[in-house]
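On the provided structure of chain Z, position chain D as indicated by the hints.
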Amino acid sequence: MSETIKASLKYTKEHEWVQDMGEYLRIGITHHAQDQLGDVVYLELPAPGDRIESGDTFGVVEIVKAVSDLYAPISGEVVAINAPLVDTPEVINTSPYDSGWMLEIKPDDKNSINDLMSAEAYKEFVENGA
Amino acid sequence: MSQQTPLHATHIAHKATMVSFAGFDMPVKYGSEKEEHFAVRNHVGLFDVSHMGEIVVKGTDATRFLSMIFPADISLMKPGQAKYTMLLNKDGGIIDDLLVYCRTDMDYMICANASNQERVYDTLVNISRNVEPLPHVRLLNESEHVAQVALQGPYAAQLVQERFDASLTELSYYHFTNFQWKDVTVTASRTGYTGEDGFEFYMPNMLAVDFWQHLTKDDGARPCGLAARDTLRLEAGMCLHGNDIDAQTTPLEAGLNWTIDWSDTRDFVGKKALLAQKEQGLEQRLRGFEVLGRGILRRDTPIYNGEQLVGRVTSGTMSPTLKKAIGLAYIQVGHHRFGTALEAELRGRRVPLKLCKIPFYKR
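Each protein sequence line maps, in turn, to chains Z and D. With the numbering used here, letter number 58 in the first sequence gets 58, and the count goes up by one each step, no holes. With the numbering used here, letter number 249 in the second sequence gets 249, and the count goes up by one each step, no holes.
Next up, chain D with everything else stripped away, as it sits in the complex:
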């Protein structure tokens, strides 16, 4: 039995096509996924992302605790800042990619992927019990109590101003703030997963339906489903955990080196393995590709250089904005240079493709 978000009945009432995703019954689209995609690129769309997990870390040692775990240096964060980072295993594999919100130096919230939130929580709890001296931290998995919606698109800030009388125009990218609506505190984070400007709002479950309706009514934001979310994030070159990154791939292979703080004075989980991988050299790299022939290359499609198998597709779609088939793939080092012409094998034929830089789309 799939879990439901607080907005489940709202989606059904709006005739959404529902699919099972990460253990939740989620809207994949409400009408045309292409129109939903362009609503976000050109106007503003609203996504229910309440399936995402929220884990709170509190205590006098919260900063020190998180700083010894994450590849990003959490001790450098200021209250009101959000940071994209990852939880790695000892081998440097990515257990999950996540956002860390610094509320104070004793109070953080972590937003994890739905399918990984339990693992993230359990891993953090385990670490907290096995380090010396024992850190003063309290870990709370609030996922079941917190709803999250993402308002994305060039008119997001304007719509918020209009509907909530809250000016978030000045809020910087990767920062967050709180505002009151109906006497309830809503957290607004200037982040997203679409490549457009926008906000991710966190709130108690009971506020979600009113909040959603307030943003979507009277030709406000267009409700958008997971199908549009996937084409938008892929055009923006953003990784999806479970597809493009997972516990068997490292941030170095995935091109997420920029998220890592390497300073000598600080250790983090997986650092030793990543340093060793750096030293030995990488065997594969995540690359964007553009299909030059005909066909959409889906996950696990093999990629060849002549007769040699050199890669596999991790995500692939038809880009509505570029009107081209695009995707991400792990490619063996040596064949991974931008511009390299390779071939995929699709339904018994060869389809030419070219490796290219990501993002495919920049606002």
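Next comes chain Z alone, as it looks inside the complex:
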């Protein structure tokens, strides 16, 4: 069982997390997001080299009954994707913060990470029924 919210990460209102890796940022969806979704059966991600734009969709996760868009928390260029995850998307349910990471991007402006929610703020956001 993974932690529900990790103190070291930044969060968005779309229930994505962002991890500061130095030059790059790593992106995934939160425990709360996977819990609300249920069994993930399909994942679609951009390719390395693609650009993602803050607020735009960069991929989809699907469960049996629904398709959900993934929203880019920050603009930048995709430098890596978690390729094995595409073939085993159920890992998002069991390890949303570790093996379930989705993308690494080179951000246009790394400082924009400061605009995202802290773990504390995200916890409050979730508890308020978001």
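What the hints contain is simulated information worked out from the structure, not anything from laboratory work. Hints should not be assumed to be uniformly reliable.
Said to hold, decoys possible - DEER-style ranges, computed between Cβ atoms:
(1) Z:Ala80 <-> D:Asn42: 32 to 42 Å
(2) D:Ala341 <-> Z:Asn128: 17 to 27 Å
(3) D:Thr177 <-> Z:Thr57: 46 to 56 Å
(4) Z:Ser99 <-> D:Ala341: 27 to 37 Å
(5) D:His14 <-> Z:Asn128: 19 to 29 Å
(6) Z:Ser99 <-> D:Cys356: 26 to 36 Å
Note that CB positions come from ideal geometry on N, CA and C, so glycine has one too.
Showing chain D alone in chain Z's frame:
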């Protein structure tokens, strides 16, 4: 405001995720829909299907009345038999697909889809008032008073034996019988919507909670929601009214010809239109498909042969059993042969697929 089944509080207590479906607040899953799916394939699961409608047709003319309406010849049914058939409109479109239970030749019960039960009832009432001579029939919509649960899976019969001391092992497929539990009559029908062995139980509302708990307690049947029901029925190649069949599609297009009795001596509602469609030839056919590329093709996804639009998806999912994306689609005749390679358009790209025979899964 959504309606509630008698099991609503039980679902909430078991932390079900509830969704609005056919006007009812229904459990879509209790935990993992994938585990619920496999519980039915490998062991046994229990579904609340109390949203379904039950319409009773009684009277000395009940057999004659139903025989002039349904594409299946109801007059050939024996007491204790169940039959899958449809109520068609004059154009041959499917108002609903349903089960007809013959209790006696003067007493039938029809199980209709939740969202269509009123239409089915109204249509039957209308017909009964407009045929000469007026038939001696009484139509009762008992939907609000009848609860229904579906016990499905290879261990269904064993669990019934164990929990109710009622042996239903000998009950044939598409037959039903009654048994007593807590001095209440329960109807057990060897039918289902999952592709597995199992039973659909009909009972008065007040018995439903006890019945459900008696089957699920002590590691009995696993409660299953609508999500698993949908993947199970699709793997079994069964149509969902509102998706794969509707008032604009005919049983010929849907591949349900096998349910129709064509004998010259008998008319049924929609027969003339279906004969004309047979004569002219079909324009589209319902087909199973398997996605060869990446992607789940949902309802209304367009399907192409090269640049030509040749079809649309009616149901699509990721099959937990086959671990492949599968679905059903109406395909223009000429492009509908099994094995035909086509492409769907999904989020701006082309996804290859192959038409295949249904069911996708056979027990």
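- Message: Given a hint of 27 to 37 Å, does the C-beta separation of Z:Ser99 and D:Ala341 actually sit inside it?
- Response: Holds - the Cβ-Cβ distance for Z:Ser99 and D:Ala341, about 35 Å, lies within 27 to 37 Å.
- Measuring from beta carbon to beta carbon, are D:Thr177 and Z:Thr57 in 46 to 56 Å? Holds, since D:Thr177 and Z:Thr57 (Cβ atoms, about 54 Å apart) stay within the stated range.
- Query: Given a hinted range of 19 to 29 Å, is it respected by the beta-carbon distance of D:His14 and Z:Asn128?
  - Reply: holds (26 Å)
- Range agreement (Cβ of D:Cys356 with Cβ of Z:Ser99, hint 26 to 36 Å): holds (34 Å)
- Message: Given a hint of 17 to 27 Å, does the C-beta separation of D:Ala341 and Z:Asn128 actually sit inside it?
- Response: violated (50 Å)
- Look at the Cβ atoms of Z:Ala80 and D:Asn42 and judge whether their distance stays inside 32 to 42 Å. holds (38 Å)
In this structure, only the earlier hint numbered 2 is contradicted, and the remaining ones agree with it.
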